[in-house]
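Enquirer: Got chain A; can you put chain B on it based on the hints?
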Amino acid sequence: MTSTTTTTDATTEPPSYPMPRAARCPFDPSPDLMAEQAASPLTRVTLWDGSTPWLVTRYAEQKALLGDPRVSSDVDRPGFPLSAPRDPGSRGGVGFILMDDPEHARLRRMVTAPFATKKVAALRPAIQRIVDDLIDEMLAGPKPVDLVQAFALPVPSLVICELLGVPYTDHEFFQQNSNVLVSLTPTPKERGEAVRRLTDYLHDLIGTKLHRPADDLLTGLAERVRAGEITQLEAAQIGVLLLVAGHETTANMIALGTLALLEHPEQLARLRDTGDETLAASAVEELLRYLNITHGGRRRVATEDIEVGDVTIRAGEGIVLPNEIANRDETMFPDAATLDLSRDARRHVAFGFGVHQCLGQGLARVELKVVYSTLYRRIPSLRLATDLDSLSFKTEGVVYGVHELPVTW
Amino acid sequence: MKVTVDEDKCCGAGTCVLVAPDVFDQRDEDGIVMLLDEAPAADQHDAVREAASVCPAAAILVAEA
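For the record, the sequence lines run as chains A and B. Take 1 as the starting number for the first sequence in our numbering and just add one per residue. Take 1 as the starting number for the second sequence in our numbering and just add one per residue.
Since the hints were made in silico from the structure, they are not lab data. Some clues are possibly wrong.
[Said to hold, decoys possible] So these bits of chain A aren't anywhere near chain B, every CB distance computed over 12 Å:
id, residue
1, Ser16
2, Val75
3, Val111
4, Val225
[Unchecked claim] Rough simulated footprint, nothing fancy, chain A against chain B, three-plus residues with beta-carbon under 8 Å:
id, segment
5, 3–15
6, 22–32
7, 48–58
Quick caveat: nothing in here was measured; it's all calculated off a predicted structure. For glycine and all other residues, C-beta sits at the position ideal for the given N, C-alpha and C.
For reference, chain A alone in the conformation it holds in the complex (with noise of 0.2 Å):
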């Protein structure tokens, strides 16, 4: 008996990650996924690289040890599980994402405040001119439109340069390499190039920051470089980090949003004809549990052995947490395929768990409770100008979502 699950195991390799995603299924996780899910909650996967780490796919285990403090987001410990090949020269992560307490702490703390959910929610008049804004110049333009470029990505990324003190007007610039960052087909030179230009980028704005002070979290960062907090390097590492992770993850919940919106009309009915905030707040959960625009899988190791269950996940292990399919898990989210604006979805882990959840989660709650409560009221007979067969959707990258979405009205 055991010489055969001895065999087994040595010449049965794992399914490899990620999975596939169904053709015609654009909103929901790998149907191998789910299977997986179905199967046990963790089970071993192999990546491009042959490494096996473990595969976390049901939401409780995956909670429990994104919250374990024996869990390290250290990219540069043995065992991590890496999605995709680093650029030789480079060590770390951007910014604090890739590294543990207490350094992480430290440096997540110095850019936290701007993003307090009370300071956040004072943005929303501004959040809602420029919606109202970028409507008005669609509403006047031709038809049909590409909604990503024409409203989708210009919402987070004006609302992130204000919030930054970076120019809008090099919107092309940052929009074109940090595209190239969250993608997984560039290579990792290709990659690398892209993060140095936006590093020197950041990092000449922090210098011009330091003469010239505004009422930006730029400035606040060059003030901490001058009291020698912080080197202009990390500052504008940190920088790169909060310019890209908030343009790029909320314009793709509002294209997506909207295409599984243009898919579920009697959904999209009710949130257009209420005025009632509570389920405009509740779309946004709903969706963010749904969706799951970061569906790269979480990536972890274990510093020492963490016993989940039966299973004994051994120090030094590789742990990836796809949290498209913990938002699925029929346990915690009862006839969790069917997006239902009006559930309490508010426990969904959509932007993660732990000390690195999100730190920008209450603007882009802030931000798609405008988009979601005025876009579709403004524009009632919005609709797809092109069928979802012909749509193409971001499978290759950590973020998710449609390249382009034709629509008209």
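Expert: Frame of chain A; chain B shown alone:
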């Protein structure tokens, strides 16, 4: 109900303020949790329990009376 917060654990995600804004806030200087009411009234209890359960850093402790 008695609420305590661990400022060292807090990562400033702000979920507690979203769920229970009358009980939690964030410091102006670094966004770390501020407890506004350590013995919240009964109508706040559900919100406080939810805040503790969604806190990503497990920084909120709730002792039920």
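Enquirer: Against each hint, give a clear statement of whether it holds in the structure.
Expert: Tested hints:
no.	hint	verdict
1	Ser16	holds (30 Å)
2	Val75	holds (19 Å)
3	Val111	violated (8 Å)
4	Val225	holds (17 Å)
5	3–15	holds (count 6)
6	22–32	holds (count 8)
7	48–58	holds (count 6)
This entry does not satisfy hint 3, going by the numbered hints stated previously; all others are met.
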